[in-house]
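Trainee: I would like the entire structure built from these sequences, with the hints used as guidance.
Line by line, the protein sequences are chains C, X, R, Y and D.
Number 145 in my numbering belongs to position 145 of the first sequence; there are no gaps in the numbering.
Number 149 in my numbering belongs to position 149 of the second sequence; there are no gaps in the numbering.
Number 30 in my numbering belongs to position 30 of the third sequence; there are no gaps in the numbering.
Number 543 in my numbering belongs to position 543 of the fourth sequence; there are no gaps in the numbering.
Number 222 in my numbering belongs to position 222 of the fifth sequence; there are no gaps in the numbering.
Calculated from the structure, these hints are not laboratory results.
Careful: at least some of the hints might be erroneous.
Claimed, not checked - List of simulated lysine-lysine pairs, DSS-like, C-alpha gap at most 25 Å:
no.	chain 1	residue 1	chain 2	residue 2
1	D	Lys109	D	Lys73
2	R	Lys287	C	Lys89
3	Y	Lys157	Y	Lys96
4	R	Lys67	C	Lys89
5	C	Lys12	C	Lys44
6	C	Lys3	C	Lys89
7	R	Lys313	X	Lys184
8	D	Lys196	R	Lys53
9	R	Lys287	R	Lys249
10	Y	Lys96	Y	Lys82
11	R	Lys249	C	Lys3
12	R	Lys313	Y	Lys427
Remember, predicted model here, so these are calculated numbers, not experimental data.
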Amino acid sequence: MAKAVLDALVAKFPDAVRDPYTFRGDEAAFVERAAIVEVGGFLKHDPAMDMKLLLSVTAVDYLGQAPRFEVVYHLTSLTHHHRVRLRVKVPEEAAELPSVSGIWRTANWWERHVWDLYGLRFAGHPDLRRLYMPEAWQGHPLRKDYPLRGRQPQTPERDIPDLIRGPGPQPRSFDQVFPGRAPRR
Amino acid sequence: MSDAPKPPPKAPAPVAYKAPELRPETLPERAFVPELLRGLAVSTSHFLRNLLFSRDPSPDVLHRRGPNLVSTVQYPEEVAPYPPGYRGMHRLVPRPDGNPRCVACYMCATICPAQCIYIEAGEYPQDPIEKFPRRFEIDELRCIVCGLCVEACPKDAIRMDTGTHCKPTYDRPTIVYGIDRLLKGPAVSHRTDVWFKREGSDPPADGHGHPIPPLPGEGKS
Amino acid sequence: MPNERMDVEALREDPLEAELPRRNMVINLGPSHPAMHGTVRTHIELDGETIVKADPEIGFLHRGFEKSCENVTWTQCLPYTDRLNYVSAILNNVGFTLAVEKLCGIDVPERAKYIRVIGGEIHRICDHLTMVGAMALELGGFTAFLYAIEARELLWDRVAEQTGARLTTTYTRIGGIERDLPDGFLGRLADTLTRVAELREEIDRLLTRNRIFLDRTRGTGVISAEDAVDYGFTGPCLRACGVPYDVRKAHPYLVYDRFDFAIPVGERGDNFDRYAMRMEEMRQSEKILRQAMEQIPSGPVILDDWRYVMPPKPEVYGSIEGLIAHFKIVMEGVQVPKGEVYAYTEAANGELGWYVVSDGGGRPYKLHVRSPGLPILSGLPHMIVGSMLADLIPTFDSINMIGGEVEQ
Amino acid sequence: MPDQPAPPKPPPPQAPAPQPGAAPALVNLVIDGRPVQAKPGTNLIEAANLVGIDIPFYCYHRRLSIAANCRMCLVEVSNAPKLVPACQTPVSEGLKVTTNSPKVMDSHRSVEELLLYNHPVDCAICDQAGECKLQDYYMQYDHRPYRPAQAKLLRHKRKEIGPLVVLDQERCILCTRCVRFMREVAQAPQLGVFGRGNREYIDIFPGQPLDNKYAGNTIDICPVGALLSRDNRFKARAFFLSETPSICAGCARGCNTFLDHYDGVAYRYRPRENDAVNQAWMCDDGRLTYHRLVDDRQTRALAGRVGSGQPRPVDEVVAAAAEKLRPLAGQTGLAVLVSPQLSVEDLLAVALLAREGLSATTIYEGGFADGDQDDLLLRADKNPNRLGLRWVAAAFGLELRPFDAFLEAVDEGQVKALFAAGTEVPKEPSFVAGVLGTLELIVTQAQSFGPLVGVSDFCLPAAPHSECDGSFVNFQGRVQRFQRAYPPREEAQPHWRLAEGFLKSLGFAHRWPTARDLFRELSPRVPDLASFDWDELGPGGRPAPGLAARPAAADARPPGYRERVVTPPWQVKAARTDRPAAQDGGDGAPRAAEPPRDPPPGVGR
Amino acid sequence: MARLFRMLLLGVLIVLGLCAWAWLGYLAVNWLGGVTLGWGWGATLGQAVAAIVFIQLLFVMIVATLLTLAERKWSAAMQDRIGPNRARLPGLGRFSLGGIPHVLADALKMISKEDFLPSQSNRVLYHLAPVLNFAPIFCLFAIVPMGPPVPIRHGFAVLVATLQIANPDVGLLYVFAIASLAVYGVSLAGWASGNKLALLGGVRASSQMIAYEVALGLGLVGMMMTAGTLRLDQMVQTQSQGLFGLSWLPAWGIFVQPLGFLLFFAAAFAETKRTPFDLPEGESEIIGYFVEYSGMKFGMFMIAEFVEIVTLAAIVTAVFLGGWHLSPAIDGGLASFAAVLVRWRFGFAEPTGVLLTLAVMQTAIFAVKVLVLCWLQLAIRWTFPRFRYDQIQYLGWRILLPLGLANVFATGVCLLLDPSLSLLGAVGLAEIGVGIAALLWSGAKSTQPAPAPAHVGSH
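Mentor: This is the structure in structure tokens:
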């Protein structure tokens with residue numbers, strides 16, 4: 001059903017949309033970074049597509065692969081009930097892509113979500129702030145190289161010892177975990 | 001449920017969307033008082049029923065009978081029964097000889113999403129089980145009662161069938177439960193347990209095919 | 001901001017006619033506030049009692065759901081999903097396992113599907129009762145709230161029988177469900193539903209036609225259908241605007257295509273319609289439940305494929321094959337094929353989407369939740385700017401924001 | 001020192017040249033439809049590995065003779081009617097190999113079922129669970145229930161056959177890897193196969209325990225849980241352990257190892273393949289040296305002599321000790337004792353401290369006493385970095401004198417004060433402590449408790465090589481990096497950081513955020529280190545999806561189950577800004593940090 | 001059934017207790033009045049002192065205190081709960097006394113809690129506000145007559161003993177004057193706390209007071225015209241007659257002025273600042289003008305609320321529910337019963353004794369009416385949602401005010417046409433009939449749960 005969407009997309013944007021595929025019933029295609037706004041506008045406004053509902057925007061961090069990041073858009077149509085997934089590759093060196101919040105207002109928060117957790121910037125976003133983390137947070141937590149342990153420098157917290165194992169060799173303060181690398185504010 | 005699988009029921013034709021009827025504004029609604037009185041009647045009827053009639057003390061709220069509608073369970077005096085299968089506090093299941101069935105395989109500690117189980121293994125010198133938990137501690141403050149440890153136990157050694165929950169305390173260390181407090185409840189044995197297989201040593205004493213009469217408490221995990 | 005200026009010139013010319021210097025009042029509703037579910041902070045600018053600007057700020061309940069899930073096995077993710085929308089945990093469980101099963105390409109037994117529907121619909125009623133009760137409570141109608149909570153308690157008792165826990169169920173498993181329904185459960189569930197229906201109708205009598213309630217909810221928090229779609233609304237909030245979109249109808253999953261039920265649709269997209277949607281959906285859910293209770297077949301409740309499902313306990317206790325499979329699943333997790341899927345279900349507040357990426361290992365490489373609450377919350381300023389401070393409360397209630405789900 | 005412009009970076013070492021007379025005619029074959037080019041004589045397992053196809057096997061080992069008795073690696077080939085064992089079959093031109101046909105899969109499944117037929121239900125008590133090939137291949141190829149036919153055979157369980165090894169005959173699948181290893185590599189055929197048919201079993205000869213120095217390798221190569229270590233039996237489950245590339249500090253060989261650790265505690269060493277140093281083996285003595293990383297650790301800074309030392313903050317103790325040392329600087333009464341257990345980075349910093357901070361011209365060599373030596377791996381010198389010590393001392397113009405000379409000097413009363421980096425001494429420590437008790441001032445940096453700590457006036461906690469990054473120089477002159485496995489215990493710090501503290505207290509401005517910075521600043525002074533690129537072996541992250549990194553261990557096992565310690569992004573940034581710009585030539589820093597940017601709009605709201 | 005019996009017994013006990021209280025009150029009034037009369041100071045002072053003790057301290061304060069418990073117990077009964085029953089008195093074992101010890105526990109808690117002073121507050125006003133709120137409300141009860149006047153001879157003087165603290169000629173005007181003072185306490189509390197939300201609450205309270213003072217007054221104007229006086233005891237007297245000459249149908253305010261009753265009740269309810277008029281508190285929006293208060297200062301706000309409930313119930317009883325009268329027929333029966341009692345006790349029907357006994361019974365009737373009205377207020381508070389700020393103004397200015405004016409006009413016309421209350425009573429009963437009809441009609445129509453739209457909000 002949504003195969004037609006992919007076909008139409010490839011036909012309309014032969015340069016920008018590539019590698020359409022279907023996996024487990026999900027239709028998806030890769031979209032060039034610069035063309036996402038154009039493709040999104042087409043998908044929303046074309047009556048045959050009519051994808052008025054942007055379900056979510058998220059990103060994946062393929063650490064170690066060449067374009068490291070990938071931003072994923074899920075779209076659906078409330079009239080035709082077809083769905084499509086757009087994948088946009090974003091390299092780490094230029095972690096920025098155009099914002100679609102001008103097309104779907106819901107993208108506003110989803111793009112803040114991606115910026116907060118992955119550190120990808122959206123050009124043209126009206127209000128690109130962190131969504132969950134405090135503004136002073138360092139690093140972007142959902143990146144694969146963000147450590148699981150360790151404390152953020154601006155959140156001095158009381159030490160909560162592990163009841164069973166005791167304080168022991170567990171990381172306690174920043175200096176103990178990473179000696180000599182006291183972070184700078 | 002009968003054993004024979006029923007054929008899947010025939011699917012009725014899908015129903016089209018339909019909107020509920022929205023009625024226009026009525027005079028009684030606009031006039032405040034009648035609808036307010038009707039609301040008042042609801043609470044008053046509850047009030048009078050609960051005031052004048054006595055309460056069925058059945059701890060199962062659903063099955064309280066009579067005009068009184070009070071659904072409170074007065075906790076220490078009345079205890080609402082936990083349904084069978086309710087995930088209560090952990091217990092370590094004993095063997096018939098009183099030691100825990102646990103062999104310190106760390107499966108529960110591995111699957112525990114909260115990492116609240118701490119185990120230290122020791123070695124039995126002679127026992128065919130070889131391995132036992134020298135320490136087995138559960139930090140009940142961390143435990144999220146998901147029940148995955150019970151599912152992950154390959155020896156039926158940890159269960160959550162106590163029907164109670166962890167008692168509150170005033171300090172944190174006392175809420176770490178060790179073997180002494182966790183080991184309780186009836187002993188359990190399965191026919192595949194190691195101690196049935198190695199009564200003697202060299203001549204094979206078992207197999208899975210040999211029928212060994214089931215013991216009390218077996219197979220009720 | 002025209003309100004913020006001090007019109008000094010005019011003051012000098014004619015002190016009586018000049019606009020008095022004034023500033024808008026800025027207040028923080030939350031993060032700790034009786035009407036802010038979870039811990040949300042809403043930064044509000046007031047002109048008198050009229051809201052000029054609103055900015056919801058979330059993150060106080062952010063627990064790093066995705067990061068946590070990326071570092072545990074697929075099975076261990078399940079307790080985390082309970083805590084997304086903690087009022088309707090089974091719906092989250094079902095959504096997550098459906099996503100993983102879609103990626104694995106497996107289908108669960110028929111009975112498991114029905115049981116998932118039953119658990120899910122019970123929790124849908126619970127969720128709607130919570131919303132209705134909370135709305136009544138925060139509008140001051142305490143009695144209706146407690147009737148809703150009483151009904152919810154009864155349902156949670158059934159959930160406890162079914163799953164072993166009242167709130168955080170951890171009920172489904174990849175390939176099926178954790179345990180079969182207990183004996184006599186369906187009968188007790190039918191009794192419970194009857195009693196819940198009584199309480200629901202009493203709430204209805206207390207609220208639905210009450211002029212005060214109508215005044216408070218009609219015409220407040222209005223959003224048009226176009227705006228709602230643009231903001232990514234789904235679920236009852238979208239249907240209240242008149243858009244008949246329900247995943248259970250549009251893309252039937254599990255066995256929803258076998259039930260006869262209707263999708264209530266509103267007209268105005270205001271708080272009252274959202275409330276009415278919930279009331280009506282509870283009736284429809286009860287209808288679904290009664291049909292499911294009639295149709296449910298017997299049979300296994302979980303797959304018999306040891307790559308995805310832990311072997312039955314006798315096999316684990318007695319055979320090395322079962323033990324190995326058990327160990328591998330516990331130690332390394334279910335080895336989910338490499339790939340990515342987006343699975344979607346109708347949760348209590350809208351489309352719950354799971355974007356799952358697997359690298360072929362035992363842990364999710366990426367697990368993204370499309371929580372229905374987040375887009376709806378992002379549309380909150382649109383719904384309340386220009387209305388009064390007091391309207392924020394029913395609006396906030398009617399979108400039924402669940403902190404755990406929105407903030408992950 | 002930092003003011004001087006850094007010398008140009010030495011050219012990176014050339015990749016080892018291919019075998020002379022290279023480019024022998026390659027053989028072309030097709031495995032599962034993929035063309036493969038392999039050298040003649042390569043067997044099918046290795047050839048399939050070239051294109052990322054895994055053929056399962058139990059008995060095959062790259063460094064042992066081929067037995068082909070497990071029958072797990074049977075594959076279909078175009079030139080034989082029956083399935084052939086891939087380990088034994090060399091590649092041939094035009095061969096078509098199928099490793100995933102139904103016939104092959106059925107064979108795998110049958111073999112697996114056969115091997116599990118008599119296997120005890122033991123995963124719960126077996127230390128191998130989690131790195132057991134039976135488990136891996138069962139899930140991969142069989143995953144079907146048990147078909148009961150008759151009782152399982154019972155054999156000896158838990159037979160302690162040597163000081164380090166315990167044997168469970170029931171779990172054994174008779175792959176004979178251990179027998180072959182003892183015969184071919186250890187040259188001590190202490191294990192044998194006894195019995196016939198399904199009563200066959202592996203055992204030692206009566207009255208002759210498995211006591212060879214290399215017997216521990218049989219634990220590593222045993223694909224199942226039949227041979228297990230008595231040392232860390234039941235201490236930790238294999239699936240909890242994370243592995244970190246490390247170096248054995250047991251002797252001057254410097255065997256490459258994996259250090260397996262969990263939650264900040266080391267549990268074992270496993271050999272890591274390195275053809276030039278240790279092939280795939282290590283000795284039992286070295287295997288047990290991980291205990292030094294765990295037991296009797298000295299983790300608090302102490303001030304005050306003879307057991308009365310009170311824990312104090314490290315900075316305070318360093319400053320106090322430096323104050324005491326300052327008037328002694330340049331005097332002959334101050335002796336500096338340096339242990340060759342220290343890493344190159346530690347030595348560089350300590351040498352700088354001795355030469356410039358304390359104005360010493362001689363240093364004394366500490367370290368453990370010599371021991372056994374053999375032809376395979378063991379070296380008499382039981383210290384991992386003696387050559388490095390010599391290099392560094394020479395480069396810093398320090399005369400290196402043996403420990404006996406130090407004792408003589410003490411006896412003659414020439415020594416009034418001692419600064420010891422590392423408390424390992426070649427004599428009986430309590431004897432040395434008694435001799436040193438007469439000194440006026442003893443400052444030590446110690447990693448573990450001992451008599452020398454007891455007589456110290458100031459004792460600082462030093463971190464062993466499992467807790468910091470660094471490198472050792474083995475007896476061949478080979479510089480080998482090791483990685484930090486976990487954060488230092490409690491208040492311990494690497495020797496070089498303690499030395500940095502001393503230098504700072506003595507008025508020097510050296511500051512090294514990481515060991516890498518230290519090495520880059522100081523190693524140009526040492527000509528022998530010039531050709532070593534410190535970043536050759538950078539810290540690893542999580543492997544990319546789909547590319548399951550197979551560690552080159554003696555036995556295949558998936559990477560650690562628990563998280564690794566990754567450098568957090570904010571720290572990398574700090575490290576980068578700290579580094580002098582002149583030396584920022586390499587790009588070896590972990591690429592984790594986002595480039596610094598302006599704050600996002602709306603921050604200062 | 002056992003519970004039903006217990007509850008009935010409890011009701012009888014309460015009535016008997018009220019009788020005993022009234023009897024003691026009359027004796028005290030008589031005695032103290034006699035004492036001051038004997039000293040030549042006139043009887044007023046002594047009567048007032050006795051009435052203050054018996055009405056304000058022994059009735060209002062005790063009822064208000066018990067209402068704090070009753071609010072919880074009664075709301076629990078409406079909501080299928082039990083309510084507080086855990087506090088125990090030492091020595092009484094497991095008897096919970098229906099939760100009454102919770103009142104003591106509450107008081108203990110209030111007194112022992114930290115007395116918190118926000119750093120941004122105005123110290124003086126912050127401390128003063130609770131008193132400013134409580135004092136006027138406490139004063140309101142002064143003009144309420146709780147029982148009929150009983151002439152008692154003291155020597156040569158006749159002392160008219162009555163359970164009323166003061167009986168000024170301005171009567172109800174006193175109520176308006178003093179009630180509007182209480183809002184100062186609320187506004188000042190909101191302002192002095194230095195909290196924006198509290199300030200909003202204070203502002204809301206002031207505007208609400210302004211809007212509802214008008215309706216409050218207009219609701220009573222009709223009754224003033226009917227009774228032709230401002231004095232409450234005379235209003236009660238007016239209501240003692242039968243309507244249309246029927247001895248079973250009393251000419252209560254609620255029958256001759258149903259609209260006035262509704263207006264006054266609604267407006268007075270708004271004055272108490274309880275749901276649905278609890279905007280100044282609005283605990284789910286702004287947390288209320290007392291958000292920064294703790295301990296006994298908060299306790300004073302709270303107890304003031306309950307005192308206000310009792311006062312409102314008493315004024316409504318006096319003005320609209322016939323005070324201590326039931327109907328002429330029942331009053332007559334009670335008088336005969338009193339005579340029988342007195343004769344049984346003293347052997348002959350001593351006139352003063354008969355009057356006193358009747359007064360005691362009628363005072364108890366008054367008190368029971370007050371209690372029932374208190375219950376009604378609590379039921380309303382726990383059932384309805386809260387208005388919005390603009391809706392409450394809309395209700396006050398655009399519904400209650402015109403209705404009140406119309407009511408005054410209609411009352412005037414009726415009284416002009418027929419000074420004996422018959423026409424007024426007929427109109428009033430007609431209004432009630434229409435209301436009941438509408439209720440029944442809506443009940444019949446609203447079997448369908450589907451909602452109806454209301455008018456769109458005013459913005």
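Trainee: Each hint: holds or not?
Mentor: Outcome of the hint check:
1. Restraint check: the Cα-Cα separation between Lys109(D) and Lys73(D) comes to about 19 Å, which is no more than 25 Å; the hinted pair holds.
2. Under the criterion of a C-alpha separation no larger than 25 Å, the hint pairing Lys287(R) with Lys89(C) is inconsistent with the structure, at around 46 Å.
3. Between Lys157(Y) and Lys96(Y), the direct Cα distance comes to roughly 44 Å. Violation of the 25 Å bound is thereby established for this hinted pair.
4. For a cut-off of 25 Å, the pair hint linking Lys67(R) to Lys89(C) stands: about 21 Å separates their Cα positions.
5. Under the criterion of a C-alpha separation no larger than 25 Å, the hint pairing Lys12(C) with Lys44(C) is consistent with the structure, at around 14 Å.
6. For the given pair, Lys3(C) sits about 22 Å from Lys89(C) by alpha-carbon distance, which is consistent with the 25 Å threshold.
7. Taking the CA atoms of Lys313(R) and Lys184(X), the gap is near 22 Å; set against the 25 Å cutoff, the hint holds.
8. A hinted pair counts as satisfied when its Cα atoms are at most 25 Å apart, and Lys196(D) with Lys53(R) qualifies at roughly 17 Å.
9. For the given pair, Lys287(R) sits about 15 Å from Lys249(R) by alpha-carbon distance, which is consistent with the 25 Å threshold.
10. Distance hint between Lys96(Y) and Lys82(Y) is fulfilled; the C-alpha atoms sit about 14 Å from each other, no more than 25 Å.
11. Between Lys249(R) and Lys3(C) the CA atoms are separated by roughly 21 Å; this keeps the pair inside 25 Å, and the hint holds.
12. As the CA atoms of Lys313(R) and Lys427(Y) are separated by approximately 59 Å, the hinted pair breaks the 25 Å bound.
In summary, the numbered hints that this structure violates are 2, 3 and 12.
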